[in-house]
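Going line by line, the protein sequences match chains A and B.
So the first sequence is numbered by our numbering: it starts at 34 and just counts up by one.
So the second sequence is numbered by our numbering: it starts at 254 and just counts up by one.
Wrong hints could be hidden among the right ones.
Think about it this way: if two alpha-carbon atoms lie no more than 27 Å apart in a straight line, the pair counts; the simulated DSS-like pairs of lysine-lysine are [unchecked claim]:
1) B:LYS348 <-> A:LYS107
2) B:LYS348 <-> A:LYS238
3) A:LYS238 <-> A:LYS163
4) B:LYS392 <-> B:LYS255
5) A:LYS102 <-> A:LYS163
These are computed hints drawn from the structure, not numbers from a lab.
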Amino acid sequence: MLLDLGKGNIMRLSGVFYRGLVPENPVFRLVLGMCPTLAVTTSVEKSVGMGLASTFVLLASNFIISLIKPLVPKEVRIPFFIVVIATFVTVVRLLMTAYTPALTASLGIFLPLIVVNCVILGRAEAFASKNSPLSSLADGLGMGIGFTLSLALIGSIREILGTGTFLGIPIVFGLDPYTQNIFILAPGGFLTLGLLMGLFNWLGKRKQSPGVKPPSPPDHCRTV
Amino acid sequence: MKEYFVLMFGMVFVQNFVLNQFLGICPFIGVSKKRDAALGMGMAVVFVMGLSCFVTMLVYKLLLLPYGLASYLDIMSFILIIAALVQFVEIVMRKLAPDLYRALGIYLPLISTNCAVLGSTQMRVIEFAGLPLPEALLKNTALGVFGGIGFTLALFLMASLRERLEFAPLPQPLRGIPIAFLTAAGMSIAFFAFTGIV
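Using the sequences plus the hints, can you model the full thing?
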């Protein structure tokens, strides 16, 4: 069961994987995990670091949760999921503090806050608690990479417009040092995300794929 | 007294949780369509944030620090404390204050995984833990309550704006969430006027 890699299964897994990249992209389609998306995208390095840390937590928690799902009573599943997720967030924070101290310091409070990232708990609830470990891994990888790519896109735009650099290398010259700043300050985050979301809505409309509606967010991130 | 005033002004205006720190964006976008709902959610957040800042500081100072657990059990214990507190508040409120429960009850489950609450408990816990216990408790609780008030302010302003945006003639792709973010960008610029005051 666990390692049934028949041809049909591979097709199905790559379908699950692809879904997180575009049709159910966590940032632009599901609108989950907005706090890190806005807060750490002031540079590409921070965006990718945050994305990879979240991907690791997502993969590990999806896998563990789908393995232990028969043992978890339905009533206490959310606290249970949170404990699993918090464990891996602690692991990732200790590892990053040891190996990438500068990045950890610049991510600051948002590294421990991966625990309450709706993408992770949302996938645990909506996917891992209902599917096999292998498909949960594929789902976690797809969602994680979709999240990382979205963050990297926003991070690139904000870094290039805000500081004129890409990954710390200067590429734009002659920017006015007084007006460029807004993109690395708080308003620039809202502005970039809002405009990108509008752009993707517009592109999605033109391609028009009827019947593909993003699924409703999980209970704890639902809106009133 | 003066430092509490500085803390209040800082948390409400200068370092506003939503518009400056990017904490609690999900409810800021999700629960800001009606002013009543925004106020209800805001009140629930003020209450839970103050309470959880108090309890987490107590646990941090009396349990985690003395036994050397602070570096790796803080995330786990804080999130569980918040989840348990929210559940506890819900049960107590339903029994003792049914009216209040009817007003705030639906917002309580949304709070346990609100990153603003976990963020407020983590924000200055290490700095405040150096103070004597009563002062540390008081300061951390004040931080939570004022942070919650700042959150409520942003949420209420946003809801007031969005009630009018409903009728604005906008391009189709920008309707809904994208325009909410663009409005937030404007609000954030306005709040930048407070920078440097504290």
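Now the hints, each set against the structure:
| no. | hint | verdict |
| --- | --- | --- |
| 1 | B:LYS348 <-> A:LYS107 | holds (25 Å) |
| 2 | B:LYS348 <-> A:LYS238 | violated (49 Å) |
| 3 | A:LYS238 <-> A:LYS163 | violated (31 Å) |
| 4 | B:LYS392 <-> B:LYS255 | holds (12 Å) |
| 5 | A:LYS102 <-> A:LYS163 | holds (8 Å) |
Against the hints set out earlier in the document, violations occur for numbers 2, 3.
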